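Enquirer: The chain contents come next:
There are 2 protein chains.
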Amino acid sequence: MTRTRKLVLTNVLYALSDPVRLRIVRHLADEGDTACGTFGIRMPKSSLSHHFKVLRESGVIATESEGVKRINSLRRAELNKAFPGLLDSVLRA
Amino acid sequence: MTRTRKLVLTNVLYALSDPVRLRIVRHLADEGDTACGTFGIRMPKSSLSHHFKVLRESGVIATESEGVKRINSLRRAELNKAFPGLLDSVLRA
Chain A
1 MTRTRKLVLT NVLYALSDPV RLRIVRHLAD EGDTACGTFG IRMPKSSLSH
51 HFKVLRESGV IATESEGVKR INSLRRAELN KAFPGLLDSV LRA
Chain B
94 MTRTRKLVLT NVLYALSDPV RLRIVRHLAD EGDTACGTFG IRMPKSSLSH
144 HFKVLRESGV IATESEGVKR INSLRRAELN KAFPGLLDSV LRA
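Protein chains in written order, with the working numbering: chain A, 1 to 93; chain B, 94 to 186.
It is possible that some hints are incorrect.
Unchecked claim - If the Cβ cut is set under 7 angstroms, some of the chain A residues that face chain B in the computed set are: (1) Leu7; (2) Thr10; (3) Ser17; (4) Pro19; (5) Val20; (6) Phe52; (7) Gly85; (8) Leu91.
Quick caveat, the hints were computed from the structure, so don't treat them as lab data.
Bear in mind that the values here come from a model prediction, so they are computed numbers and not experimental data.
All C-beta atoms in this analysis are idealised placements derived from N, C-alpha and C, irrespective of residue type, glycine included.
Model the full assembly from the supplied sequences, consistent with the hints where possible.
Expert: As structure tokens, then:
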């Protein structure tokens, strides 16, 4: 389980400032919670892991273990509470 | 004069993802157009110049020459048009 992280505006903006990470966030926003490895993004596993790490450490996503799977979710409620309107404006863009 | 730059979401988010750059943006939002060198931020001039460059290249701010002065402005209308609600949500945070 990921520890709950305090959301810091600059960390969240940085996490969202990369096209691959934005794609992951949009996927989670559209499709809901998703197991790792099913995002259909073609890039080296180490690079993709790095992007997930940045998203997780900024608090934008959470990753929980469910049996042998790791499930990612967008921390939409927490983001909306901390920075009202931010996530929606990014997803709309 | 700064050329008008196309606003790209990830570039704008990256430009806003640094505490010093956010402070510059908040200053421009609160105080209006401001000459370079009057932001009261204590850091090496080269570092500050770098932050202004990132803001300018992302299209978040514009810098225009006025006689010997260089005047910075927040490109609020362009940002609001390209990404409705984004700037406001960041300034509110």
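Enquirer: Closer than 7 angstroms between Cβ atoms is the bar; does leucine 7/A clear it against chain B? Give me holds or violated.
Expert: Violated, about 9 angstroms.
Enquirer: Checking hints one by one. Is serine 17/A an interface residue toward chain B, by the C-beta closer than 7 angstroms rule?
Expert: Serine 17/A check passes; min Cβ-Cβ to chain B is 4 angstroms, inside 7 angstroms.
Enquirer: With 7 angstroms as the cut and Cβ atoms as the points, is valine 20/A at the interface with chain B?
Expert: Violated - the Cβ of valine 20/A stays beyond 7 angstroms from chain B, reaching only about 10 angstroms at its closest.
Enquirer: Any CB of chain B closer than 7 angstroms to the CB of phenylalanine 52/A?
Expert: violated, 17 angstroms
Enquirer: When the nearest CB of chain B is found for proline 19/A, is that gap smaller than 7 angstroms?
Expert: holds, 6 angstroms
Enquirer: The hint names leucine 91/A as touching chain B; please verify it with the least Cβ-Cβ distance against 7 angstroms.
Expert: Hint on leucine 91/A: violated, closest Cβ of chain B at ~10 angstroms, above 7 angstroms.
Enquirer: Less than 7 angstroms between beta-carbons is the criterion; does glycine 85/A satisfy it with respect to chain B?
Expert: The hint holds - glycine 85/A has a Cβ within 7 angstroms of chain B, the shortest such distance being about 4 angstroms.
Enquirer: Grab the minimum C-beta distance from threonine 10/A to chain B and call the hint holds if it beats 7 angstroms, violated otherwise.
Expert: Holds: closest Cβ of chain B sits about 5 angstroms from threonine 10/A, inside 7 angstroms.
The structure shown violates the earlier hints numbered 1, 5, 6, 8.
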